[in-house]
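Q: Residue strings, one per chain:
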Amino acid sequence: MATRLKDTDVVVIGLGAAGGVAALPLAQAGLEVIGLEAGTWLTRRDFAPDELRNNYRGWPQGVQKANQEIPTARANASSAPMPRGTIHPMQNAVGGTSLHYWAQSWRLNPWDFKVVSETRRRYGASRIPAGSTVEDWPFALDELEPYYDKVEYEIGVSGQAGNVGGTLDPRGNTFEGPRKRAYPMPPLRGTEFLDKMTVAAKSLGWHPFPGPAAVNSRPYQNRSACMYHGFCNRGGCHVDAKNSTAVTTIPRAQATGRLKVVTRAHVTTIEVDNGGRVSGVNYVTDGVEYFQPAKVVLVASFTYENTRLLLLSKSKAFPNGLSNNHKQVGRHYFSHHQGAPVTALFPFDLKSWYGLPAQGVAVDNWADDNFDHASLDFIGGGNLWVMSDRRPIAAAGMNTFGRPRWGSQWKAFVRENADRSHSSYIQKTTLPYEDNYLDLDPEVKDPLGSPVCRITAEFKENERKIAAFTQDKMERWYREAGAVAVDRAPVGGAMGISTHAYGGTRMGDNPDTNVVDRFGFSHEAPNLGVLGASVMGTSGAHNPTLTVQALAWRTAEHLVRNWKTIGT
Amino acid sequence: MTFISRRDLLKRAAAVGASPLATKSYLGPAFQGGHDVRPERADLHDGMGGREPLENLTASEADLLDAVVARLIPTDAAGPGATEARAVRYIDRALGGPLASSRPAYTSGLAALDRFARSLHGKSFTDLAPAAQDAVLTAVESGAATGFTGSAAFFALLLSHTHQGTFGDPYYGGNANFVGWDLIGYPGVRTMVTVVDQERLEKGELKTNHKSAYDYDTFTKASGKTGGR
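Here the protein sequences line up with chains A and B, keeping their order. Its first residue numbered 0, the first sequence is counted upward by one per residue in numbering that gives the first Met the number 0. Its first residue numbered 0, the second sequence is counted upward by one per residue in numbering that gives the first Met the number 0.
The following block holds chain B by itself, in its conformation from the complex (with noise of 0.2 angstroms):
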């Protein structure tokens, strides 16, 4: 057995903290308006909010998903949403790997939602109007939807990814520039939070700590091909 004080713990993590915060692959468009922004990020991203070649979705299915996550968490006064967490991004890598299993529900799905949007309004989900769009949504979350069965399912599947997508760890393609957890004031991933850090959280005094599991080396990286839900 091997014994890890403290101290020791404490030179790793300032050894770590030395390190380049995030890498590229974490940062998603620079968001624009509200508070929470770093616009010093804007110039680390890939390009003016332009997609990467996507690994599972199609190009429509990724518009229409692109939709629907900014109706789930929008982009408004309280700050970025599922878009600048790039949530879609999250959804499109893992149905390659630990959600491949819904693979089919998000082929059915989508083409369900968007068939539905089309017989209410006669246009596709992605041209409606934000409050048509949430009508929509809202007929999708209930079951109420025709022709969809088993839309609430769907729509519950929706909504779970798309949290995993804002508030799951950065290494996964979501929650980009951390804006997930700083929307929800989480302050960040440690090894080790003493009884100063504690009581520097309940002051209200603990800086946030915006770091990925894995920008810690002490971590074998996931590989995430199995399991999920």
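Isolated chain A, as found in the complex (with noise of 0.2 angstroms):
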């Protein structure tokens, strides 16, 4: 039998980039706030320079909860599973991901809230992609921007503003909405590289900008500036100068004294009342079963675990899982196109060996609709990102552009070009699609037997397409910049598992095709939220973290406003 504890105004489930932003807000205004949090502190102290711990083991300096129930991924419902991961892309944590996280901490474009009504509007009705369920955002860029703006000064970013209340500034982004105010801090620094790549996007008629990240690049809020060491790739700072929530929201929150941070607490279930009303959590610690009552429950897992979580918590008023009597969790799931790069060899080194992969230079001019696709046969694009990351083992892992991969003559190779290749990130509109979805494996179990989560879903047309069309940009790029030789990497199938994963629990008005309504709160389970990127109905070209990170200050404003209602 679970112990049972007191009871508390906000439980939120997962201390990380999302539920350690909505902490914040809450515990401001006043409300008692417990974070069960299934990793523990780490510091300073736990992130050597270490590629192998890093890039390769896990993290094993953390509690290895995530790596245990890594779901399973297929292509789709005929299709074999593909082999399991050994590594979860999250992992554990007060802070979650945002400790390791690359830290690009973008804004989504305008287009990404209406991708709908914009491409009737722009090309008719028939170019939305066959079997697709996107649908528009229920609010448009204009109504997050205050929470971009809110998030962006106190966890702090660096990066060039490129439109300031319409004024556009062509050192920034010119496509991107309209912003309050610039950047707190300057972008990341350039390298000869960068500058290199920088010149060559303007000789083709592009518009070349650093891109955001949420890493000082200058002191900010008494931490450091960025060391540049070149460890930040799934790596923790060291100086504390990436801006994780571990050291912004969630210490000011505790500040607050109404925030407890509860460390190795598995959450397993959420519970329900006979009216439908969720009335705590359920988690085990060292083997022993707690019982968190509350009067909110906000679920900030990490988009596969927000799905299972829901329909892990069978109940008499939801007996498919919570909030899912229309049946709607785990579905318009998708996962980034972050992949399909194209990489180059170039005659020159690079001098890339040092830097982080949030200090680049990005070209959104073949991003969302920022181009004409009347003579096109896909809606979307994506973003060309080329940043300053090399590690040893990546390095002597580099694509031989056709030649040995071991061997004297590989050898010989990788000695004259480990420093020589670049490959590009390029980040598309990846779209939900009917039959794309997450669901509970039937057979793999996690080790408190619970099912795993599975993923089963595909890149379409549309996003092969896009991958296509960007691989042309960037090999055009590339070759402008000197590349000897350029290798494009397939466009895409099996979306397996993803870093950057939305969907399951979408936003929307209507509680047919949406589990939360428009500020992230379930349709049919009132005191129950959601954050994290499983709200998100649309993914633009861009990384998701600002954006959630927005939408969790938003829902906690919106709870706060309607405590009355929300919470008693």
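Rather than coming from a laboratory, the hints here were simulated on the basis of the structure. There's no promise every hint is true.
Listed next, the stretches of chain A that the computed footprint assigns to chain B, with coverage defined by at least 3 CB atoms under 8 angstroms from CB atoms of chain B [claimed, not checked]: (1) 46-58; (2) 183-194; (3) 347-355; (4) 382-394; (5) 411-422.
Result set (SDA-like, lysine to any residue): computed pairs, CA atoms no more than 25 angstroms apart in a straight line [unchecked claim]: (6) B:206 / A:188; (7) A:201 / A:221; (8) B:220 / A:43; (9) A:444 / B:100; (10) A:195 / B:196.
Only part of the chain B face toward chain A is listed, based on derived beta-carbon distances under 8 angstroms [unchecked claim]: (11) 71; (12) 77; (13) 148; (14) 168; (15) 194; (16) 195; (17) 218.
For glycine and all other residues, C-beta sits at the position ideal for the given N, C-alpha and C.
Two independent chains are provided; combine them into the complex using the hints.
A: Next comes the structure, spelled out in structure tokens:
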């Protein structure tokens, strides 16, 4: 029998990028908040510049919950399971994956909120890809702008604005929607190679600009500036210059005295009372079961676990899983098409051994609807991103452009070229489809005996066409900068498991097609909120985290303003 | 929140820099030919290229693996290879921890590889001339090796672990004498890269830093008992 703990106002499940942000406005408003985190606190001492540990061993210094419940994946309902991954893309700790993410902190562009209506208006309804379940967001960018602004200043984002109050600045992204003010910090510094790529983009008539990062380009809020040491890719920051929630919003929320952080709390299910309201959360620590009652529960555990937790939480009121009486939990799933990179070989050293993946130059000319699609056979596009990121094991595994992958010939090749190749990162518009979804795996279970999440999803024609189109653009860019060889990866098939996973608890006004309402609260269980990219219905062509954080702040603020109706 | 200034970090880095570059356990047999050789390290080695006690592999598995990695990243005119990096020592240790889930693959894969070599040439892989060894490995890599289910996957695993043992942090028993990092021109683990450092790198004037991450005492040592691929 679980030990029943003292009642609280709000329980947040998962203190990562989303939950760690939401806790702050809640605690500041006077609500008593308990943050249940499966991991522990990690500090600068835990963040050695160690490629093996960061990139190959799934952070052994952390609690291994996520790594024991890695989703299974298959392309479609009739295909065989893909080989199961050994490392979950997320990890457990206070601050969650915001400790080791790349920290690219993009806003979505205006089009991303209005894909359906804008496509119809500009090209006609027939241009919405067949089988897609995409909907417009229930609001436009201007609704989210104040929250983007709030988070950018609260956690600290460096970057170059391109549109302040409608005034365009060609040093920044002129395709971005209007923002209230510039970033709180200037962009991260450049390098010789990034400068070269900037010049090349300009000579093609494109508009390159430095990307935004939740990394300090100068000291911010009494934390250090970035040290550019080269281990930021799945690495924690040894000087707290990466603005994870563990060093920003969470300690600030704790300082109010109203956020209680409970570590090593492995949440198993959410309880529901006879009236269909959630009543609290069951969790396990070291084999001991606890029940934490709460007036409101916010689920903030990453897309796969958000869906799994709801599906595992069955009750009389919700026999198919919590908030799933409309059978929408797990639907409208998609992962960002971040793959299909282009790799280039240059006849000179790039001097890219240091730096970080968020330090780079972007081109948005071929993203979203920033170019005319009238004569094209797809909608959307991709952001082209060139960053300074290289580590030794990864460098040794470089693309050999058709040469042997081992032996003396290989050795001579990598000896000369280990610092001469570059792989672009192209994030592409990805849409939800009827037959791409998450559910519970019928066979594979976690160590507690609960089924893991199963991904059934593949990139469709629209995504593959965007991939081929943006690969063309990327190749032109590399060639313009002097690349002597260019290689393109296949344009994509099965989605598999991803760091950019969306949907499963989509946000929208229609309860027949969406799990949560426009504020992130369940259409079916009114005191259940969901935080994370699981509520997002489109991906845009940019990293999701800042949008997730802006939405989390907005959901928390909505709860504060409507406490009497939601919380009591 | 404590605040670390660049100045403090500089001081710390300087203090670390004054300590010995590496402990004995990082060092492998001295490389006798080619360039990038640091003969002064030879006296620090635990013997004349002798093998330390194995932790997980059997002696015959280790012999076979020694012969395989010597072909994957050979010792040649371009300098030391996986042998000098002690990639097999890395794999042997890791098979008892982070790579434990690969132990069965090594048991069956190495046995199958040797059976295949014998079926082709009538000799153990270790007794073949380099060219014949390469032919065996090429067949294993492509999946064409007979009597060897999943040979391509096993080859990919071996190559990946050989890379880890040659180019990973010396803390884990491979990349001895930093030979892997020197091979690809990696200028080394640092905790800070200033604008000036980056400019020096761009001009080819940045001094290579031979340090393990764990030579910096600001970091908790890795235990590395879980995870891995």
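Q: Against each hint, give a clear statement of whether it holds in the structure.
A: Hint check results:
For the stretch 46-58 of chain A, the stated coverage by chain B holds: 11 residues have a C-beta nearer than 8 angstroms to a C-beta of that chain, and at least 3 were required. With 3 residues carrying a beta carbon less than 8 angstroms from a beta carbon of chain B, the stretch 183-194 of chain A meets the three-residue requirement, and the given coverage holds. Using a Cβ-Cβ cut-off of 8 angstroms, 5 residues of the stretch 347-355 of chain A lie near chain B, which meets the minimum of three, so the contact claim holds. Coverage of the stretch 382-394 of chain A by chain B holds [criterion: at least 3 residues with CB-CB distance below 8 angstroms; count 3].
By the rule of at least three residues with a Cβ nearer than 8 angstroms to a Cβ of chain B, the coverage given for the stretch 411-422 of chain A holds, with 5 such residues. With a CA separation close to 22 angstroms, the supplied pair residue 206 (chain B) and residue 188 (chain A) stays within the 25 angstroms bound. Of the supplied pair hints, the one linking residue 201 (chain A) and residue 221 (chain A) is violated, its CA atoms being roughly 37 angstroms apart against a limit of 25 angstroms. Proposed proximity of residue 220 (chain B) and residue 43 (chain A) is supported: the alpha carbons are some 12 angstroms apart, at most 25 angstroms.
Distance check on the hinted pair: residue 444 (chain A) and residue 100 (chain B) sit about 18 angstroms apart at the alpha-carbon level, within 25 angstroms; holds. Between residue 195 (chain A) and residue 196 (chain B) the CA atoms are separated by roughly 19 angstroms; this keeps the pair inside 25 angstroms, and the hint holds. For residue 71 (chain B), the shortest C-beta to C-beta distance to chain A is roughly 4 angstroms, which falls under 8 angstroms, so the interface hint holds. With 8 angstroms as the threshold, the beta carbon of residue 77 (chain B) comes within range of chain A, its nearest partner Cβ sitting at about 5 angstroms, so the hint holds.
Interface hint at residue 148 (chain B): violated, since its Cβ lies 15 angstroms from the closest Cβ of chain A, which is beyond the 8 angstroms cut-off. A hinted interface residue such as residue 168 (chain B) counts as satisfied when its beta carbon comes closer than 8 angstroms to some beta carbon of chain A; here the least separation is about 5 angstroms, so the hint holds. Annotation: interface hint on residue 194 (chain B) holds; nearest CB of chain A at approximately 7 angstroms, less than 8 angstroms. For the restraint placing residue 195 (chain B) at the interface with chain A, the shortest Cβ-Cβ distance is roughly 12 angstroms, beyond the 8 angstroms limit, so the hint is violated.
The interface hint given for residue 218 (chain B) holds, since its Cβ lies 4 angstroms from the closest Cβ of chain A, which is under the 8 angstroms cut-off.
The structure shown violates the earlier hints numbered 7, 13 and 16.
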